Amino acid sequence: MPELPDLEIFAVNLEKRFKNKTLEKLEVIVPKRLNVSETELKEALEGHQLQAVLREGKTMQLHFGGGNVLGLHLMLHGEIRLVEKDDQVKFRIIEFHFKGDNSFALTDFQKMATPTLNPEPSEVPDALSKDFTITYLKELLSKKKIQIKTLLMDQHLIRGIGNTYADEILWHTRISPFSIAKAIPEKKVKDLYQGIEEVLRKEIMQLTRAIPDSFNAEVKDFLKIHNPDLKHSPTGHEIKIDKIGGRKTYYTDEQVQYNL
DNA sequence: TAGAATGTTACAGG
DNA sequence: CCCTGTAACATTCT
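Okay, so the first sequence: first residue is 0 according to numbering that gives the first Met the number 0, each after it adds one.
Since the hints were made in silico from the structure, they are not lab data. Watch out, some of these pointers could steer you wrong.
Unchecked claim - Calculated pairs, DSS-like style, for lysine-lysine (alpha carbon to alpha carbon, straight line, at most 30 Å): (1) LYS186 / LYS201; (2) LYS129 / LYS98; (3) LYS142 / LYS189; (4) LYS31 / LYS137; (5) LYS143 / LYS89; (6) LYS18 / LYS31; (7) LYS239 / LYS181; (8) LYS181 / LYS247; (9) LYS137 / LYS189; (10) LYS142 / LYS89; (11) LYS219 / LYS57; (12) LYS110 / LYS189; (13) LYS98 / LYS137; (14) LYS129 / LYS110; (15) LYS223 / LYS242; (16) LYS187 / LYS110; (17) LYS18 / LYS89; (18) LYS143 / LYS110; (19) LYS230 / LYS201; (20) LYS137 / LYS110; (21) LYS137 / LYS201; (22) LYS98 / LYS242; (23) LYS57 / LYS15; (24) LYS31 / LYS20; (25) LYS129 / LYS89; (26) LYS137 / LYS89; (27) LYS129 / LYS187; (28) LYS242 / LYS186; (29) LYS18 / LYS110; (30) LYS186 / LYS137; (31) LYS20 / LYS137; (32) LYS143 / LYS98.
A quick note: this is a predicted structure, and the numbers were derived from the prediction, not measured.
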């Protein structure tokens with residue numbers, strides 16, 4: 000479900016709660032989702048401490064002692080759920096049992112959330128990483144004839160932005176989501192570049208305060224556009240709803256549409 | 001109650 | 001082969 004800002008917070012909070020705890024037992028409920036055998040996964044992780052939880056694109060990476068990393072992708076509906084003693088959580092994919100009755104599970108009613116042992120490092124820049132540069136964005140846009148929103152959401156091009164924050168970023172920069180990428184003037188591409196970082200970082204700051212402990216809350220409080228409860232943008236313009244790539248898209252007529 | 005849901009990918013068509 | 005757009009995945013919630 001979540002995008003970059005949410006996952007950033009979840010990773011921090013998960014680390015806060017489970018750092019330095021030893022993984023006593025790993026329970027695999029849906030082995031089909033693994034990239035290695037159940038045995039291999041258990042051998043790699045069981046008995047080791049959780050040293051860090053980091054966000055990478057739309058995944059969280061659990062770093063364990065022994066040098067192994069487990070990537071977790073939540074996909075559309077996946078969640079990290081705390082499991083209380085003797086509690087049965089629905090839709091589990093895998094469950095982590097730490098020493099001292101501390102457990103959490105990766106769940107997904109759609110069974111699509113994916114644990115990956117030692118994921119390959121990606122070549123694609125994360126939206127908040129140093130290698131996501133203005134030069135990279137300019138070059139990328141100049142080559143693409145697709146709508147800008149589709150481009151922002153393509154994880155093979157930029158990692159971390161999804162349906163919600165694509166809308167937020169595009170409203171923030173006053174660019175219509177229907178704009179064709181290569182038609183956007185260079186000056187506006189710079190706004191877009193800055194807007195991506197501004198919107199994401201501000202959201203991370205606000206979520207940090209709002210959910211200091213949660214690793215699954217869905218907080219819509221700070222969204223300005225992509226929120227069905229809102230009728231108007233902060234500047235008083237009517238929010239319109241349309242579809243791009245089968246996905247709901249929120250925008251206003253404050254946003255300029257650039258076409259070829 | 002039918003449709004939408006903060007995602008990804010296989011596949012079709014150009 | 002490259003580029004782009006669409007449908008499907010399974011279940012819950014409104």
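**Request:** Could you tell me which of the numbered hints above are not met by this structure, giving the numbers in increasing order?
**Result:** 2, 4, 5, 10, 12, 13, 14, 16, 18, 20, 22, 25, 26, 31 and 32
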